[in-house]
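Protein chains: 2
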Amino acid sequence: MKETAPPRRLTAKGRATRARIVAAAAELVFAHGVARTGIDDVRRAAGVSASQLYHYFADKDELMRAVIAHQTDGVLEVQRPLLDHLDSFDALEQWRDVLVALQEERHCTGGCPIGSIAAELADEDPEARADLVAGFERWEAPIREGLARMRDRGDLRADTDTDALALALLAALQGGLLLTQTRRVTAPLRVALDTVLAQIRTHAA
Amino acid sequence: MKETAPPRRLTAKGRATRARIVAAAAELVFAHGVARTGIDDVRRAAGVSASQLYHYFADKDELMRAVIAHQTDGVLEVQRPLLDHLDSFDALEQWRDVLVALQEERHCTGGCPIGSIAAELADEDPEARADLVAGFERWEAPIREGLARMRDRGDLRADTDTDALALALLAALQGGLLLTQTRRVTAPLRVALDTVLAQIRTHAA
DNA sequence: AGGATTCTGGAGTGTCAACTCCACTCTGCG
DNA sequence: CGCAGAGTGGAGTTGACACTCCAGAATCCT
Chain A
1 MKETAPPRRL TAKGRATRAR IVAAAAELVF AHGVARTGID DVRRAAGVSA SQLYHYFADK
61 DELMRAVIAH QTDGVLEVQR PLLDHLDSFD ALEQWRDVLV ALQEERHCTG GCPIGSIAAE
121 LADEDPEARA DLVAGFERWE APIREGLARM RDRGDLRADT DTDALALALL AALQGGLLLT
181 QTRRVTAPLR VALDTVLAQI RTHAA
Chain B
1 MKETAPPRRL TAKGRATRAR IVAAAAELVF AHGVARTGID DVRRAAGVSA SQLYHYFADK
61 DELMRAVIAH QTDGVLEVQR PLLDHLDSFD ALEQWRDVLV ALQEERHCTG GCPIGSIAAE
121 LADEDPEARA DLVAGFERWE APIREGLARM RDRGDLRADT DTDALALALL AALQGGLLLT
181 QTRRVTAPLR VALDTVLAQI RTHAA
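So the sequence lines, in the order shown, correspond to chains A and B. Read left to right, the first sequence gives residues 1 to 205 (full-length UniProt numbering). Read left to right, the second sequence gives residues 1 to 205 (full-length UniProt numbering).
Worth double-checking, as some hints may not be accurate.
[Unchecked claim] Restraint ranges, calculated between C-beta atoms of paired labels, are given here: (1) 98(A) - 152(B): 35 to 45 angstroms; (2) 202(A) - 80(B): 26 to 36 angstroms; (3) 98(B) - 163(A): 16 to 26 angstroms; (4) 19(A) - 152(B): 53 to 63 angstroms; (5) 153(B) - 204(A): 27 to 37 angstroms; (6) 187(B) - 105(A): 27 to 37 angstroms; (7) 130(A) - 93(B): 27 to 37 angstroms; (8) 184(A) - 39(B): 24 to 34 angstroms.
What the hints contain is simulated information worked out from the structure, not anything from laboratory work. Quick caveat, the model's predicted, so the values are computed rather than measured. Idealized CB from N, CA, C, for every residue including glycine.
Please take these sequences and the hints and turn them into a complete structure.
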């Protein structure tokens, strides 16, 4: 539980190795959770030795924080450019379809790359929690802004609380993913998102 | 990872000890998660010796399944009798208030007693997953039935998909709890629930 | 009562995970 | 070219954790 990483000086090779470690760790954490992912598993998967791992990260907590950042980037990357243009009913539906299709592909295993870490670490590691809050915010922002644009443009009534709807959409997504992961069926995710989308529609001008 | 527990014969004292172990384990798991809860912690908290623990449970997995059942009972108990009469807008709002107040009390720490276990075990232990599915179902059923009664009674239009709304409500609850736990603010839970409640209202006859 | 069974205490055992150490090799740069 | 610092390999240490064992006490049942 080191404070913050001293901004180390890294060569190109060093950056590559570090990235390889984080990517391997992220994948394992997504599949098995933080606690069940051993340093040694990461080590093997990344093809590095133990000393290298501790050369780049003070301890497991610090590595996990790097994983959170990596997964946040990943989530945003996958959903981009969709996420940047969530400003029409069409776009919102397309986004929903992509999310559902993604879970379908992975046979409903693995919940949200950020959400499942949040469930595990939010109450345990204050620094991780801060990073998770930041991660969710980076995710929520484009949704919020898309809805705001719809309102400003006149697609939604002027008195629409777009911030609330954006938050509700993110919550529906998280809850839907959890139930989908548990039940191994995409219906919960689809229904949860559809319900909030329907609610957004009731604010159409 | 034993199959199913052989239905052991227990005396009154045995049942009490077993219950004490499960209760202690449930509390620790709720606070720290499955992986971070050691058998020894449970042992100490329950005031029993190691051999007793393994006298009642084949292994940790089996204990965790008992915890899932215990938490399901607990969740239903806390929300009863509210949960059995979720058949009016008033009751739904009261229920929402209780849920929000509960998170407020615990300062937004600890997500859902079932949901957080689900996030950790759904992909890891098939038997636990089955129990979690059953637990969520026991939770969803009264919600579903309450909404169905509202429709049958004519409070909601006849073409209302009450099953979908019930599922959406549960998803909103789960997602709202996760975001509330992460952000340490009750707003996400409240907003998520309110949004689905508003959507239910649009189906008022 | 008394024999079978359940219940309990506590000292072990083996394994595995996180983390350390040190010696060696590469790389950037003046 | 040379050296300081970055990068690497792998054996080793420490502790925690799940689980076992066995002997003795309490309890049940006929």
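The hints, checked one at a time:
1. 98(A) - 152(B): 35 to 45 angstroms: 37 angstroms, holds
2. 202(A) - 80(B): 26 to 36 angstroms: Cβ of residue 202(A) to Cβ of residue 80(B): about 32 angstroms, so the range 26 to 36 angstroms holds.
3. 98(B) - 163(A): 16 to 26 angstroms: Cβ of residue 98(B) to Cβ of residue 163(A): about 25 angstroms, so the range 16 to 26 angstroms holds.
4. 19(A) - 152(B): 53 to 63 angstroms: 58 angstroms, holds
5. 153(B) - 204(A): 27 to 37 angstroms: Since the Cβ atoms of residue 153(B) and residue 204(A) sit about 29 angstroms apart, the hinted range of 27 to 37 angstroms holds.
6. 187(B) - 105(A): 27 to 37 angstroms: Taking Cβ atoms as reference, residue 187(B) and residue 105(A) lie about 33 angstroms apart, which means the hint holds.
7. 130(A) - 93(B): 27 to 37 angstroms: Taking Cβ atoms as reference, residue 130(A) and residue 93(B) lie about 33 angstroms apart, which means the hint holds.
8. 184(A) - 39(B): 24 to 34 angstroms: 29 angstroms Cβ-Cβ, so the 24 to 34 angstroms window holds.
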